[in-house]
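Using the sequences provided together with the hints, build the complete structure.
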Amino acid sequence: MADKHVIVEQLVKTYPGSGAPSVDHVDFDLEKGEMLALLGPSGCGKTTILRMVAGLITPTSGRIRLDGRDMAEIPVHKRNMGMVFQSYALFPHMSVAENVAFGLEMRGVPKAERAARVERALDLVKLRGYGERRITQLSGGQQQRCAIARSLVIEPQLLLLDEPLSNLDAKLRDEMREEIRDIQARTGVTAIFVTHDQDEALSMADRLAVMSAGRIEQIGTPRQIFDRPATEFVANFIGAGNFLTGTVVEPHQANVPGLGMVVFGLDAPLGKDVRLLVRPHRFTLNGKGENAFEGVVRHLVYRGDTLTLDVDVKDRTFLVDLPTHAGTLPERGDRVTLTVARDDVTVIGTAA
Amino acid sequence: METSLPAKFAWRLLIGLLYVFLLAPIIIVFVVSFDTRQYLAFPPESLSFGSYVKVFQNADFISAFWRSLLIGAIVGLGAVTVGTLISLALTRYRFRGEGAVNFLVIAPFIVPNIVLGVGLVLVLAGFGLLDTYPGIVLAHLGITIPYTVRTVSMSLMSVDRRVEEAALVHGASPFNVFWRITLPLIRPGIIAGGVIAFLISFDETTISLFIVSVRSSTLPTEIYRYLEYSTDPQIAALSVVLILISVAVVIVLERLIGLRKAV
Ligand SMILES: Nc1ncnc2c1ncn2[C@@H]1O[C@H](COP(=O)(O)OP(=O)(O)OP(=O)(O)O)[C@@H](O)[C@H]1O
Ligand SMILES: [Mg+2]
Numbered sequence: 001m002a003d004k005h006v007i008v009e010q011l012v013k014t015y016p017g018s019g020a021p022s023v024d025h026v027d028f029d030l031e032k033g034e035m036l037a038l039l040g041p042s043g044c045g046k047t048t049i050l051r052m053v054a055g056l057i058t059p060t061s062g063r064i065r066l067d068g069r070d071m072a073e074i075p076v077h078k079r080n081m082g083m084v085f086q087s088y089a090l091f092p093h094m095s096v097a098e099n100v101a102f103g104l105e106m107r108g109v110p111k112a113e114r115a116a117r118v119e120r121a122l123d124l125v126k127l128r129g130y131g132e133r134r135i136t137q138l139s140g141g142q143q144q145r146c147a148i149a150r151s152l153v154i155e156p157q158l159l160l161l162d163e164p165l166s167n168l169d170a171k172l173r174d175e176m177r178e179e180i181r182d183i184q185a186r187t188g189v190t191a192i193f194v195t196h197d198q199d200e201a202l203s204m205a206d207r208l209a210v211m212s213a214g215r216i217e218q219i220g221t222p223r224q225i226f227d228r229p230a231t232e233f234v235a236n237f238i239g240a241g242n243f244l245t246g247t248v249v250e251p252h253q254a255n256v257p258g259l260g261m262v263v264f265g266l267d268a269p270l271g272k273d274v275r276l277l278v279r280p281h282r283f284t285l286n287g288k289g290e291n292a293f294e295g296v297v298r299h300l301v302y303r304g305d306t307l308t309l310d311v312d313v314k315d316r317t318f319l320v321d322l323p324t325h326a327g328t329l330p331e332r333g334d335r336v337t338l339t340v341a342r343d344d345v346t347v348i349g350t351a352a
Numbered sequence: 001m002e003t004s005l006p007a008k009f010a011w012r013l014l015i016g017l018l019y020v021f022l023l024a025p026i027i028i029v030f031v032v033s034f035d036t037r038q039y040l041a042f043p044p045e046s047l048s049f050g051s052y053v054k055v056f057q058n059a060d061f062i063s064a065f066w067r068s069l070l071i072g073a074i075v076g077l078g079a080v081t082v083g084t085l086i087s088l089a090l091t092r093y094r095f096r097g098e099g100a101v102n103f104l105v106i107a108p109f110i111v112p113n114i115v116l117g118v119g120l121v122l123v124l125a126g127f128g129l130l131d132t133y134p135g136i137v138l139a140h141l142g143i144t145i146p147y148t149v150r151t152v153s154m155s156l157m158s159v160d161r162r163v164e165e166a167a168l169v170h171g172a173s174p175f176n177v178f179w180r181i182t183l184p185l186i187r188p189g190i191i192a193g194g195v196i197a198f199l200i201s202f203d204e205t206t207i208s209l210f211i212v213s214v215r216s217s218t219l220p221t222e223i224y225r226y227l228e229y230s231t232d233p234q235i236a237a238l239s240v241v242l243i244l245i246s247v248a249v250v251i252v253l254e255r256l257i258g259l260r261k262a263v
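Protein chains in written order, with the UniProt record's numbering: chain A, 1 to 352; chain B, 1 to 263.
FYI, nobody ran anything at the bench for these hints, they're computed from the structure.
If you're wondering where the values come from, they're calculated on a predicted model, not measured in any experiment.
Some hints could be false.
To be verified - The following label-pair restraints were derived from C-beta to C-beta distances:
id, chain 1, residue 1, chain 2, residue 2, range
1, B, V111, A, P16, 33 to 43 Å
2, B, V247, A, T60, 56 to 66 Å
3, B, F175, A, G68, 23 to 33 Å
4, B, V111, A, D169, 52 to 62 Å
5, B, R187, A, T231, 31 to 41 Å
6, B, R187, A, G304, 48 to 58 Å
Claimed, not checked - Sample of chain B residues lacking proximity to chain A, with all beta carbon distances greater than 10 Å (derived):
id, residue
7, W66
8, F109
9, S230
From the three backbone atoms N, C-alpha and C, an ideal C-beta is built for every residue, glycine too.
Okay, here's the thing in structure tokens:
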């Protein structure tokens, strides 16, 4: 534990005048060079955590350690962190190069070295030749890259990114995801990345922490979060899902009222109620599987590479995603058999 | 919107009349200042620059002018400095007595100048500051600081706090954040406040009349005193000079920094 790069322990923040804590006993840690995504709905406390780590607000209780040092006594400007704000927060009265050079100047880096490092940082974010521009002469994406350059150039011990992509259009956002990921890999900087976009979190982060109402619901790799959600909230927040409640009657078998026996791969205690999750794209149509459910296609939406079906099975409806190359596609009103392999039925709460 | 021609014409006429009404005194003063007679009357019979020459030869006027300029400059700088500190405190920190400071800052707007004048005489007399530079400067600071607090606060409120935070996170000490980020961003408000404070001080009569006597008389009080004994076109000429100075200050600053954006 002690050799982790960043350790956050039992962090709590209750804003003055508000009853419930905005951040409630949060723990997480990061290895050097790791990228952690903080993910959760609006108002769950993501920004608050980031601001506490940066030192912009004081925690109500709890500890933040960076490289073994307790941050409590270290003022903001001595923490050696970089931060990309949601609104970028570039210095409007300075040129692009002056913005990027600012942190180096504050650290007393000599002028010649400063210029060279600014040049390299601008290269890294593909803003070479833009140094003399005013901030107002940059597009949204360029401003964001300028903000990234400004925080990377100081070689921070920790990079904090607060929804840096939320102001961009979809195409630019995709490009910037790749770029940030790429830059992070090349510089090896440790980063905490705030987002409420699940795609962004899954595709960019080494690990994600899914938050709800100030607490971390689950923390893990994108795969763990997606395939082994610890709570129904996590399962719902990351991707869509079909949920079933049943009683475990035999090892790997649950009796789901109104549906019948469902076989699953994970271990669950006998006699207990369990919540089962099947992701929509894990179903196959008229195939072989231990779990077969007969139903009628009630509604379908063609989405290009997938076909989304609502299939009525007895008195419940399953959400099903099928790849569109899968032979003949069903039509509305068709009787179909949905099958799903036992390993694709997840028991919620058995986080690996 | 479609407007009929007569309506448009009537509107123009109204605006025109309004301007004439507002500018008439200035125009009359301007015309009268070239009159050759030794009393104020309109219209003039013959024109000359005689009154201007006399104004520039009047030693009392000239020394009062320099005093006013000096006092105005000190008041401008002082009011802006104090105003900036008060604005920072009011917009950036919560503290006890904030309400009181807020009230003190608008008080000079609501209290009539004549009341302020009487009050200041009593206070300044107690400290032996009547008819001294510190006395008049203090009095002018009292009435100008509310304006500088206003202009600087406006600028401060338009500064994005995240920008200051970004500077802090990237290694600037709180002092450097102010010096390198906040100060440059509120410069328009500071300059506008300074100019307004200077112009008010340069122009202020009511309160100054209570405080100054011979040693520290400012140009407006000198004019007032002159008017008690004589009314001749010199006063008109001097007024024109004062107007030109004020306009020049505003135009130069407008050119330099875009004053209009700042107020
Ligand atoms: N300065 C503040 N004073 C009081 N309450 C605050 C303050 N800042 C945030 N909060 C509250 O704390 C909670 C968490 O806010 P926070 O900004 O951390 O959310 P977030 O997860 O970043 O949300 P979003 O995705 O919308 O940015 C919210 O309920 C918010 O209303
Ligand atoms: Mg936020």
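Structure-based check of each hint:
For the pair B:V111 and A:P16, the beta carbons lie near 36 Å from each other, so the given range of 33 to 43 Å is met. Evaluation of the 56 to 66 Å hint for B:V247 and A:T60 yields a pass: the beta carbon distance comes to about 57 Å. The hinted window of 23 to 33 Å between B:F175 and A:G68 holds, with their beta carbons roughly 29 Å apart. Between B:V111 and A:D169 the beta carbons are some 56 Å apart, a value that agrees with the proposed interval 52 to 62 Å.
The supplied range of 31 to 41 Å is broken by B:R187 and A:T231, whose beta-carbon atoms lie about 53 Å from each other. The beta-carbon spacing between B:R187 and A:G304, approximately 54 Å, falls within the hinted interval of 48 to 58 Å. Chain A leaves B:W66 outside its interface by the beta-carbon criterion, the shortest separation being 36 Å against a cut-off of 10 Å. Chain A leaves B:F109 outside its interface by the beta-carbon criterion, the shortest separation being 31 Å against a cut-off of 10 Å.
Interface exclusion of B:S230 from chain A stands, the closest Cβ pair being 53 Å apart, more than 10 Å.
Violation of the numbered hints given earlier is confined to hint 5; every other hint is satisfied by the structure.
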